[in-house]
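Undergrad: Protein chains in written order, with this note's numbering: chain R, 177 to 696; chain A, 177 to 696.
Think of the hints as simulated: they come from the structure by calculation, not from any bench. Worth double-checking, as some hints may not be accurate.
Computed list of lysine to any residue pairs in SDA-like fashion (alpha-carbon distance at most 25 Å, straight line) [said to hold, decoys possible]:
#: 1; chain 1: R; residue 1: 418; chain 2: R; residue 2: 576
#: 2; chain 1: A; residue 1: 232; chain 2: A; residue 2: 195
#: 3; chain 1: R; residue 1: 453; chain 2: A; residue 2: 668
#: 4; chain 1: R; residue 1: 238; chain 2: A; residue 2: 576
#: 5; chain 1: A; residue 1: 238; chain 2: A; residue 2: 496
#: 6; chain 1: A; residue 1: 238; chain 2: A; residue 2: 276
#: 7; chain 1: R; residue 1: 232; chain 2: A; residue 2: 575
#: 8; chain 1: R; residue 1: 232; chain 2: A; residue 2: 602
Here are the computed distance ranges between Cβ atoms for each label pair [stated by the list, open to error]:
#: 9; chain 1: A; residue 1: 427; chain 2: R; residue 2: 403; range: 22 to 28 Å
#: 10; chain 1: A; residue 1: 514; chain 2: R; residue 2: 556; range: 30 to 36 Å
#: 11; chain 1: R; residue 1: 521; chain 2: A; residue 2: 428; range: 45 to 51 Å
Below, a sample of chain A positions facing chain R; criterion: calculated Cβ distance under 7 Å [what the hints assert, rightly or not]:
#: 12; residue: 190
#: 13; residue: 192
#: 14; residue: 307
#: 15; residue: 311
#: 16; residue: 539
#: 17; residue: 618
#: 18; residue: 621
#: 19; residue: 627
#: 20; residue: 628
#: 21; residue: 638
#: 22; residue: 645
#: 23; residue: 660
#: 24; residue: 666
#: 25; residue: 686
#: 26; residue: 690
For every residue, glycine included, the Cβ atom is placed at its ideal position computed from N, Cα and C.
Protein chains: 2
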Amino acid sequence: MSRALSTGLQLIGNNFSGEGDLLFRAFDPVQQQWLPTEFREATTGEIDAALTLAAKAFTTYKKTTPAQRAEFLHAIADDIVSLGDELIQVASAESGLPVPRLQGERDRTTGQLRLFANTIAEGSWVNARINTGTPDVRQMQIPLGVIGIFGASNFPLAFSVAGGDTATALAAGCPVVFKAHPAHPHTSYLVATAIRKAVLRTQMPEGVFSMVHGTSYETGQYLAAHPLVSAIAFTGSFKGGKALYDTATRRAVPIPVFAEMGSVNPVFFLPGILREKGPALAMQLLQSVTLGTGQFCTNPGLFITPGDDATTTFLQALQQGIGSLPAAPMLTPGILEAYQQRINALQQEGVVVLGAASPAPAKATPHLLQITAEKALETPHVLEEVFGPSSLHIHANSITQLYTLARQLEGQLTATIHGTPEDLHEHAGLIDILREKAGRIIINGFPTGVAVNHAMVHGGPWPATTPAAGTSVGTAAIYRFCRPVCYQDFPAYLLPPELQDHNPMHIWRLVNGDWVRTTG
Amino acid sequence: MSRALSTGLQLIGNNFSGEGDLLFRAFDPVQQQWLPTEFREATTGEIDAALTLAAKAFTTYKKTTPAQRAEFLHAIADDIVSLGDELIQVASAESGLPVPRLQGERDRTTGQLRLFANTIAEGSWVNARINTGTPDVRQMQIPLGVIGIFGASNFPLAFSVAGGDTATALAAGCPVVFKAHPAHPHTSYLVATAIRKAVLRTQMPEGVFSMVHGTSYETGQYLAAHPLVSAIAFTGSFKGGKALYDTATRRAVPIPVFAEMGSVNPVFFLPGILREKGPALAMQLLQSVTLGTGQFCTNPGLFITPGDDATTTFLQALQQGIGSLPAAPMLTPGILEAYQQRINALQQEGVVVLGAASPAPAKATPHLLQITAEKALETPHVLEEVFGPSSLHIHANSITQLYTLARQLEGQLTATIHGTPEDLHEHAGLIDILREKAGRIIINGFPTGVAVNHAMVHGGPWPATTPAAGTSVGTAAIYRFCRPVCYQDFPAYLLPPELQDHNPMHIWRLVNGDWVRTTG
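All chains should be built: construct the whole structure from the sequences, respecting the hints.
TA: Have a look at this one:
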């Protein structure tokens with residue numbers, strides 16, 4: 177079998193499989209050419225096989241110790257590093273993203289895996305709660321079952337095969353059946369081989385991880401509707417997330433869908449700070465809008481200013497700045513086309529172009545757009561996400577109108593306020609409004625760049641994510657793939673270590689109402 | 177206005193309102209007579225008014241301190257106690273439940289309110305997570321918004337107007353619009369007056385609590401579909417919960433529904449324990465099956481035995497015991513009728529009557545039913561919940577078949593195993609299967625009786641509840657009505673006290689990965 181064919185296969189448990197006849201290839205958006213390797217769309221039989229193995233693996237994987245799972249996660253990270261430059265080169269060809277960005281993304285990916293490994297090795301995340309007495313009841317989080325995860329186009333490593341969702345599910349004790357994003361199938365294949373190697377090396381049960389390819393709507397729907405799947409995680413468009421949500425909530429046995437469906441991430445500039453450093457903020461905003469060709473969930477797609485002189489200076493700086501920014505390739509021809517169409521379509525709806533970079537063939541041109549507050553309030557759909565390097569400006573003719581605009585916003589991943597201490601003191605009410613709209617509120621910063629740690633929230637009210645209580649970044653993401661179970665009047669020898677009297681895991685537990693870590 | 181009319185009203189904010197023309201009355205199932213007071217079904221205008229006030233109240237209620245909300249919850253508990261005997265008498269007339277049971281239920285209700293008051297006063301429940309550095313990110317749980325709560329028929333106090341869901345939502349900082357169960361409208365009215373008194377006394381914002389009456393499907397659907405509602409909590413039938421779930425997930429902005437939809441709560445008896453104390457267990461099982469006329473979500477509606485000699489003795493004891501148990505009134509004529517119809521219908525499906533108490537007019541007769549394992553596996557719908565004092569026995573002809581039956585079960589609130597240490601050692605695999613099926617696993621006990629504390633789980637996989645990750649009893653229930661929010665790079669003076677460096681609330685927090693409670 178040629179190398180090209182051998183890489184075009186699904187990973188079903190520990191074996192590669194290529195039963196289907198539907199072939200597809202990835203496109204290099206920088207070189208503007210189709211890449212040579214052909215990939216095979218998974219058949220329903222292959223998806224069934226992956227899920228059957230996953231369900232079987234769950235019976236043993238859920239019983240692995242946290243130390244064993246931590247070792248597995250570290251092994252995946254090590255094996256991703258071992259893929260070396262090939263991974264970066266392949267990912268760059270398939271995504272058009274520059275090598276340094278992908279090197280950073282690889283660090284983030286392995287960092288996430290190791291953060292989850294350390295979190296479960298420490299162990300307190302299970303939220304052990306013990307009430308002794310009659311009855312004796314002891315609660316902890318247990319894994320939910322097999323998780324179906326969909327890779328995102330815009331992070332071929334960090335939100336893909338061994339990305340945050342996979343790290344989270346495997347840390348929790350859940351097997352994963354991963355649907356690779358068709359924009360980077362070869363990258364996905366390489367990372368899948370790293371996971372396979374880690375599975376074999378750390379003796380994890382076969383089926384704890386499988387990966388299937390698919391370009392069609394049907395492949396994703398088949399996974400979401402499958403009785404062996406216990407939850408879905410998705411990062412992508414509203415349309416894609418909503419379709420999975422609809423399928424999953426209408427099953428005979430509904431399952432949760434944790435979908436991150438995008439956001440316009442509004443940035444509010446208050447009067448004082450614009451006077452103080454408008455031009456500098458303009459440069460920072462442009463940088464944030466065009467970072468990664470604007471292909472981030474947290475891209476600031478909307479910014480709102482009060483209408484005064486300082487705003488005029490700020491806008492002039494933006495207009496001057498954007499002219500010198502380069503057009504850049506996008507992830508796929510489809511994404512680029514959608515970006516260009518949206519930019520054009522918005523201009524039919526009262527949106528004007530405030531400034532734009534110079535166009536270049538097959539590249540996305542950074543755009544600054546503008547709409548009046550009145551028009552924005554009348555036709556709120558113009559505020560919907562434009563995926564790419566653009567941002568829409570709204571001029572509020574008063575602070576009251578700025579508040580009104582804030583109140584009308586849909587749910588967001590992030591909301592940002594720039595202000596001097598005086599601005600912020602005066603407009604605490606704005607923070608208050610925005611807290612109801614977003615999962616993360618940023619003061620004097622920009623939303624791009626999501627730190628991966630214990631405190632991050634990457635989620636927010638509908639339509640940013642579903643449900644609002646989830647986060648897909650940070651260690652709190654693990655609770656998406658768990659549920660609490662209560663052990664009543666169990667003899668000591670049948671209790672999991674996390675709940676035994678002598679606390680052998682040395683974890684923090686809520687014992688009769690007090691958080692303690694006593695042992696012995 | 178006559179007393180009868182004055183009690184027939186909705187509580188909309190702090191005012192009573194009775195705009196509707198649809199009247200209904202409650203029925204006394206013991207005296208077998210309609211009660212005199214007429215109640216008015218809420219109009220959509222009244223529901224709109226309640227929700228508008230609730231949404232307005234949210235803007236200030238969410239800013240109350242935990243100490244203020246704790247004071248409010250204690251005040252509700254005090255004011256319920258102040259209702260004195262009238263509450264118990266009215267509840268007994270409307271439900272047919274005996275006075276001592278209702279006195280106990282009142283204690284549980286006030287106990288729940290005080291437990292949540294103490295939990296929020298302590299404060300660590302907000303799960304504060306702080307990562308200092310660049311950026312500085314700080315996460316905590318915030319209230320979700322207005323919660324629509326549906327009262328249950330079978331707990332006119334503890335799962336009703338000031339019951340667990342209301343206590344939880346108010347503790348979290350969420351206003352409540354409560355849909356009273358039409359079986360106990362007068363009880364609901366009295367408790368609503370107590371909450372109103374507490375609202376006024378502790379100066380809570382008007383609209384933090386409203387109560388509407390309704391007998392129709394449409395009233396509930398209107399509430400679940402309303403744009404001002406952020407989540408629904410429900411305890412009742414599968415049909416009722418599923419209808420709300422379908423509405424809530426198909427809205428333009430879907431919202432979570434936390435529905436507790438019942439369960440058969442299987443009890444497994446292992447061979448050794450049946451030999452050791454079969455007759456004693458038979459008496460305890462009968463007691464659990466008929467407690468409260470079987471009208472508990474955790475009623476053991478299914479029990480499974482291995483087929484050997486000890487089982488024969490156990491079944492004989494059950495047959496002897498049930499004959500002497502009294503028939504008893506049920507909550508409503510509709511519930512009684514449904515019980516009798518199900519008992520009859522099951523007999524058309526291969527279910528046989530193993531034993532029954534003596535019938536009495538307008539009362540539910542305790543029943544023990546039986547079906548073969550083969551038939552149960554073929555027609556799993558015979559295993560669906562029968563709400564009332566009955567339990568279905570399945571004779572497994574082998575331990576293998578007993579495991580097969582366990583594997584076939586739908587999601588449950590509870591699952592119970594009776595066994596000697598030897599039994600349990602031998603059948604740890606059964607515990608393992610049941611852990612995937614239920615939210616609470618009980619060893620050598622019975623599922624009726626749900627302790628209200630930090631460690632309880634009252635929830636489980638579909639169709640027991642949705643989502644499986646929720647619990648509607650115990651302090652962990654609070655997370656249903658919250659979501660995490662992350663404050664990035666906030667100046668100290670804009671942070672909530674829970675997240676300030678010097679930890680003025682003295683709460684446990686995850687600071688840079690370590691759980692600490694340091695202050696200053």
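Undergrad: Hint by hint, note whether the structure agrees.
TA: Hints, one by one, checked against the model:
no.: 1; hint: R:418 with R:576; in the structure: violated, 34 Å
no.: 2; hint: A:232 with A:195; in the structure: holds, 22 Å
no.: 3; hint: R:453 with A:668; in the structure: holds, 22 Å
no.: 4; hint: R:238 with A:576; in the structure: holds, 22 Å
no.: 5; hint: A:238 with A:496; in the structure: violated, 57 Å
no.: 6; hint: A:238 with A:276; in the structure: violated, 37 Å
no.: 7; hint: R:232 with A:575; in the structure: holds, 21 Å
no.: 8; hint: R:232 with A:602; in the structure: holds, 22 Å
no.: 9; hint: A:427 with R:403: 22 to 28 Å; in the structure: holds, 26 Å
no.: 10; hint: A:514 with R:556: 30 to 36 Å; in the structure: violated, 47 Å
no.: 11; hint: R:521 with A:428: 45 to 51 Å; in the structure: violated, 22 Å
no.: 12; hint: 190; in the structure: violated, 24 Å
no.: 13; hint: 192; in the structure: violated, 30 Å
no.: 14; hint: 307; in the structure: holds, 4 Å
no.: 15; hint: 311; in the structure: holds, 6 Å
no.: 16; hint: 539; in the structure: violated, 31 Å
no.: 17; hint: 618; in the structure: holds, 4 Å
no.: 18; hint: 621; in the structure: holds, 5 Å
no.: 19; hint: 627; in the structure: holds, 6 Å
no.: 20; hint: 628; in the structure: violated, 10 Å
no.: 21; hint: 638; in the structure: holds, 5 Å
no.: 22; hint: 645; in the structure: holds, 4 Å
no.: 23; hint: 660; in the structure: holds, 5 Å
no.: 24; hint: 666; in the structure: holds, 5 Å
no.: 25; hint: 686; in the structure: holds, 5 Å
no.: 26; hint: 690; in the structure: violated, 9 Å
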